[in-house]
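> Spelled out, the chains give:
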Amino acid sequence: MSGSEISQVRRRVRRAIDQDGLFEMTMGVIFLAVPLLVRLRLQSIAGVVAVVLVCVVLPVLRNRVTYPRVGYAKPREPAFRLILLFALGLGVVSLGVTALVLLVQGRVMSRPAWLALMPFATGLFIAGFHFLWGIRTRSLRHFILASVAAAGGALAVLLAAGSLDTGAGIFFLGFGTLELATGIVLLTRFLSHYPRPQGATDDA
Amino acid sequence: MTPEAQNEDMQVLAGIDRAVHEPARLMILAYLSAVESADFLFLANQTGLTRGNLSSHMTRLEQAGYVSIKKEFVDRIPRTLLRITRQGKAALRSYRKNMMQVLKELPC
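These protein sequence lines are chains A and E, in that order.
The first sequence finishes on residue 203 if you use numbering that gives the first Met the number 0, and the numbering steps up by one all the way, no holes.
The second sequence finishes on residue 107 if you use numbering that gives the first Met the number 0, and the numbering steps up by one all the way, no holes.
Just so you know, these hints were derived from the structure itself, not from any lab.
Each residue gets a CB set at the ideal place from its N, CA and C atoms; glycine is no exception.
Certain hints may be false.
Partial list, computed: chain A residues near chain E (C-beta under 10 Å) [what the hints assert, rightly or not]:
hint	residue
1	R9
2	F22
3	V50
4	R63
5	P67
6	V69
7	P74
8	E76
9	R80
10	G90
11	L94
12	P194
13	P196
14	Q197
Calculated cross-link-like contacts (lysine-lysine; reagent style DSBU-like; alpha-carbon spacing at most 30 Å) [what the hints assert, rightly or not]:
hint	chain 1	residue 1	chain 2	residue 2
15	A	K73	E	K103
16	E	K88	A	K73
17	E	K70	E	K88
18	E	K69	E	K88
19	E	K88	E	K103
20	E	K96	A	K73
21	A	K73	E	K69
Away from chain A, derived, C-beta distances all over 12 Å, residues of chain E [as the list claims (entries may be wrong)]:
hint	residue
22	A18
23	V34
24	Q45
25	D74
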């Protein structure tokens, strides 16, 4: 079996698990929770909420919803160190592009200008992850979400007119709603396409 | 190529691993080589094999030592996890090499 054929099989495995929309729903809930937690002055627990949702709630939902319908497969994923390096690299690139924009505007040394552009940098960061996942699954929706995240960050900056809170609020509410809606549509389609099998599914 | 050399290449066919050569088993090994582990239902869905067929091929591959089978319970539901062994990976590599050698020399 050639390398490209193995890549195709790996892509099919990732797509089989990725079609349930649960990841988009989880990310949507996290993005919608961010402005709410900031409003309640509980922003310090935003990271904990995100980790609990991704590492605990998502696997439980997949065990109950996805795997009984399409089966379970654990794709060969790169080491955690590589994922961390990718995230760091993406952070550097996002901040680099933001710095470039500020440099063109001649405001690179201004802290308020940096803060005002943070939704733009966040949009680029999220776009990078969706783009990577789009490449790994060859799913058009990830490329669309990546484009919307990048454009949404810039639009939020323009609409907020210099306010970090307003810009971040617009971005997280807007993009969170989109992710959640995408997830709900995918999950609905998934559930109608793959009804839960009756009786035993394990004959081995 | 001399007829003797061609004959040597065709001799490789006699040594082809029949546990791997069967199309359904080759498909199962191909899927397992691309993942860390997969369960019975996933393989049945992806390969299109019936449960009985898949079960018998799995047994054959397990007997050959190419696949390891582990049973576990998740939320009180039984799950049979399959994983390709090191021996299975080596068999797949060797099968590929042998078939490439034979097919390369076949007249079209």
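> Hints first: check each against the structure and report whether it holds.
We went through each hint and held it up to the structure:
1. R9: 5 Å, holds
2. F22: This hint is violated: F22(A) lies away from chain E, its Cβ roughly 18 Å from the closest one there, beyond 10 Å.
3. V50: 22 Å, violated
4. R63: 7 Å, holds
5. P67: Status holds, d = 7 Å.
6. V69: With Cβ-Cβ at 6 Å, under 10 Å, it holds.
7. P74: With a minimum Cβ separation of about 6 Å from chain E (threshold 10 Å), the hint on P74(A) holds.
8. E76: 8 Å, holds
9. R80: 17 Å, violated
10. G90: For G90(A), the interface hint is violated, since the closest Cβ of chain E sits about 28 Å away, which is over 10 Å.
11. L94: Violated: closest Cβ of chain E sits about 34 Å from L94(A), beyond 10 Å.
12. P194: 13 Å, violated
13. P196: 8 Å, holds
14. Q197: Violated - the Cβ of Q197(A) stays beyond 10 Å from chain E, reaching only about 13 Å at its closest.
15. K73(A) - K103(E): Distance of about 35 Å is beyond 30 Å: violated.
16. K88(E) - K73(A): Roughly 17 Å between the alpha carbons, so the hint for K88(E) and K73(A) holds.
17. K70(E) - K88(E): 21 Å, holds
18. K69(E) - K88(E): 18 Å, holds
19. K88(E) - K103(E): Holds - the C-alpha atoms of K103(E) and K88(E) are around 22 Å apart, at most 30 Å.
20. K96(E) - K73(A): 27 Å, holds
21. K73(A) - K69(E): 14 Å, holds
22. A18: With a cut-off of 12 Å, A18(E) remains clear of chain A, as the shortest Cβ separation is near 16 Å.
23. V34: Given that some Cβ of chain A is not farther than 12 Å from that of V34(E), nearest at about 5 Å, it is violated.
24. Q45: At about 7 Å from chain A, Q45(E) fails to clear the 12 Å cut-off, so the statement is violated.
25. D74: 6 Å, violated
Hints 2, 3, 9, 10, 11, 12, 14, 15, 23, 24, 25 from the list above are not met by this structure, while the remaining hints are.
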